[in-house]
Amino acid sequence: MWQYVGRRLLLAIPTLLGASIIVFAMVHLAPGDPIAAVMPADASGADIEATKKAYGFDKPLPVQYVVWLGKVVQGDLGRSIATRRAVILDVRDALINSLVLAVSSSVLAFGVGIALGLLAAFRQGKALDKLASGIAVIGVSVPHYWAGIILIIVFSVQLNWLPAMGAASDGGVIEYLRHMVLPTVALALIPLGVITRVVRSAALDILAQEFVLALRAKGLFDRRVFLHVVKNAAPQIFTVLGLQFGFQLGGSVLVEAVFSWPGTGYLLNLAIFQRDIPVLQGVILVLAAFFVLLNLLVDVLQTLVDPRIARH
Amino acid sequence: MTPAPSRTPLLEVRGLRKHFPLRGGLLQRTYAWVRAVDDVSFDVYPAETLGIVGESGCGKSTLARLVLRLVEPDAGTIRFGGEDVRGATRARMKQLRRDMQLVFQDPYASLNPRLTIEDAVAFSLLVHGTPRGAARQRARAMLGRVGLDPRLYGRRYPHELSGGQRQRVNIARALVLDPKLLVLDEPVSALDKSVQAQVLNLLQELKAERALTYVFISHDLNVIEYVSGRVVVMYLGQVVESGTADALADAPKHPYTQALFAAAPTMDPDRRIERPPLAGDPPNAIDPPSGCRFRTRCAFAMPHCAGAPPRLSSVGADHDVACYLYEAHAAVEAVTR
Amino acid sequence: MDSGVSVVTLPRETAVLAGSPMSYWRTVAWRLARDPATVVAGTLLVLIVLSAVLAPWIAPHDPNAGSIRLRLAPVGAPPHVLGTDEQGRDMLSRLLWGGRMTLIAGLTPVVVAFLLGTALGVVAGYAGGLTNMLVMRTMDIFYAFPAVLLAIAISGSLGPGLFNTLISLSIVFVPRVVRVAESATVQVKGLEYVAAARASGAGVTQILRHHLLANILGPILVFSSTQVSLSIILAAGLSFLGLGVTPPAAEWGLMLNTLRQSIYVNAVVPALPGLAIFLTSMAFNLLSDGLRDAMELRG
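Chains as they are written, first to last, in our numbering: chain V, 199 to 510; chain H, 8 to 344; chain B, 349 to 647.
No wet-lab data here; the hints were simulated from the structure. These numbers were taken from a predicted model, which means no experiment stands behind them. Glycine is no exception: its CB is placed at the ideal position from the N, C-alpha and C atoms. Check the hints yourself; a few may be wrong.
[Stated by the list, open to error] Pulled a few chain H residues facing chain B out of the computed Cβ check, cut under 7 Å:
1. Leu75
2. Asp113
3. Arg121
Between the sequences and the hints, there should be enough to build the whole structure, so can you do that?
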């Protein structure tokens with residue numbers, strides 16, 4: 199099993215390197231001179247020279263990549279064109295805000311999704327099942343950025359209950375929490391739909407097992423059946439939860455844009471508009487690394503829970 | 008029931024070997040080899056049925072695929088009608104395939120679920136350039152011959168057929184090319200007993216009618232005894248005994264063959280042999296025991312069985328066995344050493 | 349943004365009704381026609397697609413002509429059935445025209461992914477060995493990014509425009525299809541009927557055509573169909589961020605973006621383009637659910 203974990207770790211390295219190549223290539227994908235892409239228009243000659251040296255634009259591409267990667271590994275993601283701040287600092291601040299949102303929306307989606315999925319499975323074919331399945335389809339189909347706007351229209355504009363924009367980081371805990379509510383709900387919709395579906399189908403598979411059927415036929419809708427279902431569906435559900443949490447981090451770009459939530463997505467959006475390529479690169483690289491490591495963690499944890507997986 | 012075989016073999020297999028690598032660890036390095044088929048030799052004469060018997064996992068199915076070159080052997084030669092099969096070019100191989108066909112074990116996995124059975128049978132002909140109309144015609148005739156009315160079944164899909172019917176389709180697919188040699192890999196083991204008998208009888212009829220030569224692979228000694236003239240007994244990738252079906256049934260030499268017969272339920276009281284049935288599972292073909300591979304389960308194992316592996320040697324007319332019990336010379340040598 | 353479960357198992361054995369033999373695809377069509385959710389979703393989808401295709405003929409007004417004086421007219425205000433946008437342009441006409449763009453931007457990448465992904469996946473799966481490793485490890489790299497992030501990253505560097513949207517979304521969806529196609533190919537390749545075809549002397553092309561593709565295209569098609577809804581949401585999402593279709597063209601995501609500032613003036617009209625995206629995406633989801641059930645695949 200440890201061999202599997204080790205193998206999985208080794209496999210993550212080429213994936214991360216590949217991701218870094220894609221991110222590096224983005225500078226060259228951008229139309230126009232790559233120096234223009236990473237420098238402000240009014241940069242001084244010395245600045246341009248320094249950047250040229252940092253990126254090594256005069257050298258062949260592979261060399262440029264190695265130089266850049268060397269800096270990245272040391273935590274140097276370059277400087278923002280717009281703010282001149284080190285990208286790593288901007289990304290760090292944004293990442294914390296994004297994580298907060300990812301965690302809160304995941305907790306909401308996982309809790310409600312698991313409950314809905316189990317309810318639907320135990321009431322298969324009944325009205326409650328249809329309702330839960332309907333909610334699930336809506337969850338996976340809804341454009342979450344639109345859902346965010348609808349939430350703003352209803353709860354901010356019409357009812358005036360909750361704030362629509364920003365994070366109010368300086369307004370105290372209560373204010374911060376109030377700002378979190380709407381983006382959290384908007385971001386929870388898709389994983390809520392996915393998790394409801396997965397939990398329902400996993401639970402149905404287990405309920406269809408013969409001895410469970412026999413127990414239920416005797417009218418034993420008891421804790422034993424329920425615990426059996428939960429225990430056996432857990433590994434499958436766990437995988438989906440892990441993946442969904444990862445998607446929450448990367449998927450929040452659009453929701454953050456709607457709510458002007460100062461997270462990585464908002465930063466990314468800003469960077470795109472200001473054509474601030476270093477920031478763009480930094481955000482994407484950090485998020486991709488986070489995503490790869492998270493997947494790795496899920497895999498490893500899963501192996502610890504259920505060693506049979508390693509044999510595949 | 009053995010037809011007096013002419014002495015020119017149709018199929019000659021010499022020293023056939025196939026080892027599959029097992030990979031694992033951090034870098035997926037090969038850490039062990041599965042010795043699926045290890046130095047196997049036998050002849051098949053025209054118009055006979057050669058039975059190959061052994062427990063599951065002894066390499067029978069790999070052997071079938073090696074003989075037809077569906078899996079490339081590591082070593083050894085295969086001669087078909089005197090021609091070196093392994094040396095055949097791609098074009099020549101395609102022609103050779105018409106003459107050597109295979110019937111598979113699993114009647115479910117061996118038919119393409121998206122083809123009607125008529126098309127499944129006709130496909131082999133289309134591959135060899137028969138025009139579509141003619142191919143379909145011949146496929147329908149062949150289906151009729153194996154007992155499936157083409158008007159009733161021709162346009163059906165495999166999932167609409169029973170296991171026995173599917174196996175008939177498999178036989179039709181193999182025979183529609185008019186092969187000389189048919190390799191049957193456990194053709195009836197997935198079927199009910201009553202259906203087994205029907206399919207076996209059909210195979211016997213077809214063989215007589217078309218002057219076919221069979222290599223019949225099975226783990227079921229009763230089936231093998233019923234169909235075969237000569238029998239090869241395999242254990243963990245190697246031949247341990249070969250001889251006529253009668254000789255093997257009357258006087259099995261190798262302790263493994265004896266154990267097989269003892270384990271097989273038989274109706275004939277004269278053939279009951281007082282031997283302990285096989286104990287335990289066969290050791291696996293990854294790292295088989297040294298020397299004689301059967302020694303770990305053998306009631307007669309001697310110290311030198313762990314040494315050099317015993318060679319096949321003659322113990323009667325057309326009867327060979329690989330066991331030190333019958334290798335007097337070798338045994339004496341080992342004792343005096 | 350999606351379930352992340354991209355494994356599609358191959359069709360299970362099923363006993364279909366006895367009697368007249370029915371081909372697989374006819375059975376599937378028969379089942380689809382009997383599923384109410386599929387019928388409703390299918391009808392809705394036909395209407396959406398038709399109205400998009402016929403937009404130049406059925407749109408009551410010029411989608412780009414507006415008057416500031418008539419801006420943000422409420423729904424039902426004649427002659428604008430669905431009101432007007434922030435520049436006084438007719439919403440109904442813009443929604444009809446916008447559907448064209450959104451559907452093109454959302455469907456094309458999935459079609460590209462289906463074709464290219466199937467080809468790559470089959471080659472990787474059938475060839476095995478080093479080819480397989482190269483193709484699949486390359487695809488793994490794209491899996492290092494969540495879908496939304498990858499699309500935004502590529503579009504962000506390429507710059508806005510319909511063509512760049514198509515490129516970035518294709519890059520998102522190709523690796524997904526490759527994974528499904530590769531695993532289906534490997535699975536079918538190991539089945540005995542493929543060995544039987546080889547034993548009968550069939551060459552690689554014949555085996556691929558008659559035995560392999562016939563059995564894997566169904567599952568790949570179903571998987572691809574499940575991606576359409578995501579692709580539409582992403583395509584509109586890119587435009588929403590200003591990375592997709594550029595103004596003044598009508599596109600649902602772009603319309604949602606420009607109308608977003610007007611929610612304090614008119615709460616209903618700005619919600620309409622999003623509603624259109626939602627209905628289209630849901631129709632595709634219901635349809636692919638129905639297709640998956642009818643083909644008896646678990647996904």
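Report task. Find the hints from earlier in the document that the structure breaks and name them by number, from lowest to highest. Result -> none
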